[in-house]
Every structure is written in C-alpha cells, then in structure tokens.
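Below are the chains, spelled out letter by letter.
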Amino acid sequence: DAGVTQSPTHLIKTRGQQVTLRCSPKSGHDTVSWYQQALGQGPQFIFQYYEEEERQRGNFPDRFSGHQFPNYSSELNVNALLLGDSALYLCASSLFSGSETQYFGPGTRLLVL
Amino acid sequence: AQSVTQPDIHITVSEGASLELRCNYSYGATPYLFWYVQSPGQGLQLLLKYFSGDTLVQGIKGFEAEFKRSQSSFNLRKPSVHWSDAAEYFCAVGSKAAGNKLTFGGGTRVLVKP
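Those sequence lines, one after another, are chains P and E.
Reminder that position 45 of the first sequence reads as 45 in the numbering used here, one-by-one numbering, no gaps.
Reminder that position 3 of the second sequence reads as 3 in the numbering used here, one-by-one numbering, no gaps.
One chain only, chain E, in its complex shape:
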C-alpha cells in the first residue's frame, strides 16, 4: 500500500530565508510524486511533479524538489521565501499501477514571518 509521511506539521520561516519541506513515501513500484499547495479555504494547486528522468524537478513559483530513491524522499525547496508562500503544502504519491489514485501526506503548514 502507498503511504506518505510529512514529518513537519508546522514550519515558520522568515521572509527571504530558504525553505525545505520533507516528504517520505512508501511504495513498492515506481512512484509518481507530486507537491500541491493549498491556501486557506482553497483547492489544491500543483507545484511540481516527478514521473521519471532527472531527479531534480523545477516547478512554479520558484519551487524545486529532488527525488532520492535510496531515501524514499521527495523534499521540496525554495531558496527565498515570499510572504505569499504562507500556505499548506501536501506531498502525494501515485502510480500507473494505482490507476491515478493519489495518496497524500498530512500536510505541512508554512508560516512566513516578516
């Protein structure tokens, strides 16, 4: 069965500082990995995705993530955080074998200090 763990429930970061959100997954086959962002009361917006190939993927809003198969991780990073990045971030895993079903982590809430 698929599972996703986001170890950090809350992270507070100063504006302009770097941000790293952790994601660990458990899945037997080759996973598809995603990061979504959710602003309060909103739906989910796709930040980036990994299917295959280059393990460092670039996304929207200056985010990037690195797939490390040996560590079963897909951590999200941003070099310099803006106040508008305050939101909840979800890591998700899917696969062709799972028929597009996504399994989400519990989310990490990011607070940005001025």
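Chain P extracted, bound-state conformation:
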C-alpha cells in the first residue's frame, strides 16, 4: 500500500518565477492538505482540498493556490516567488469523514534564489 507521495523532491527557482508541486494521497484517502515548513519551525497549514474544492485556508496570500483532481491527487501552485517562500512543502492525506489522522509525504524542498 503506497503512502503519500510527492514530486519533485527538490526544486530551485528564482524570485518572481512560478512553481507547481504535486501530491498523491495514500490509497483510500480523499482529502489533501498542504503545509509549509520553514527551516527550524513547525509546519504551517496552507489549505485543504476535498471533492476538488478548497475547504479551508490558512493565513497565506493568494499567490498560493491549489487544485485537486478526480483521482484525489493535488497540486500546489505558488506564483511570484519570494525568497521567503523557501521551505519544505508537506502534503498530508486523510479521510474527510474519518478519524482525522493525517499522513504526511516526504515533502518537496523549495529553494528560491
């Protein structure tokens, strides 16, 4: 049973560029949440997708957007990259109506130069 997978593992971009990160949830899960983890800090909630809609959003600007596909996989898009967007981006999957446990992928490390 595959767990949560994310791609790519690492990414280097320059300021002003756009980036797309991808996530495939654990088999049987229907909800995907995205978190940003800056160096030395705990993860911070970006947003959550269920039934292809954004259900909740954390305190992140509109430059951060997402999408969920019919197969439950998800993308995180960040436009107009800033140096401060450098972080580990974590995807977590769960069941919307389940036990609330979120299972995390290995993350994508984004470096903005």
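To be clear, the hints were calculated from the coordinates, so they are not data collected in a lab.
Bear in mind the structure is a predicted one, so any value in this text is a computation, not a measurement.
Any given hint could turn out to be false.
To be verified - Think about it this way: if two alpha-carbon atoms lie no more than 30 angstroms apart in a straight line, the pair counts; the simulated DSS-like pairs of lysine-lysine are: (1) P/LYS26 - E/LYS96; (2) P/LYS26 - E/LYS49; (3) P/LYS26 - P/LYS13; (4) P/LYS26 - E/LYS113; (5) E/LYS68 - E/LYS49.
Place chain E on chain P using the hints.
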C-alpha cells in the same frame, strides 16, 4: 484559535535514559492531539494520537503520551531512548470543528549521547 507550545527547543539525553517532551495546547473545544517525528530532511511520521477515551495512549517505537485536560498538556515519554530516536518531534492539535486542520508546535530537537 488553536495554538501549541513546545517549551523545549533542544533536549540532550543519554542513550538508555528516559525522555519526556512537553506539549501545551490552547483550544476551546475537545482537541485531537498528535505527536509526529521528523528525521533530518524527511517528512513527518505519526507516533501516536489521542481522540478520546483512555488518557494514556501508546504509540509506535515504544513511545507513550498522557493527555491531561486540567493542565492542557499532552507530554510524550519514552522509558529508554535509543540512538535512532534522535530527531525532531512535533506536537499538533486538531479537531472535527477545525475540519482536520492541524496546528503544530515549534518542535523539540532531541540529541542522543552515546
């Protein structure tokens, strides 16, 4: 609003000694509480969780945690630490009302001395 405080940024413990990591949360409703572990450059692995019932919960790798509502705490313990337990540990709070959104503490980095 939910918040989580992990008072200890770093803890150094000798191999074979006991370990306790502190976690205090602030949340108005009944919380769901979690401990995750993160090895360098890796994602988060769930150690254990508390939703309801018995306030002492057992997890993987020999870890346990105790929920104390009166103290708003959910401290993680391990009786005998192994070198492989060196990692960063995160406490998180969520709830049904919050729609699965997790709020994390700042983490505690555990160093294990031989």
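Provide an ascending list of the numbers of those earlier hints which the structure does not satisfy.
-> Hint check: 4 fails alone, others pass.
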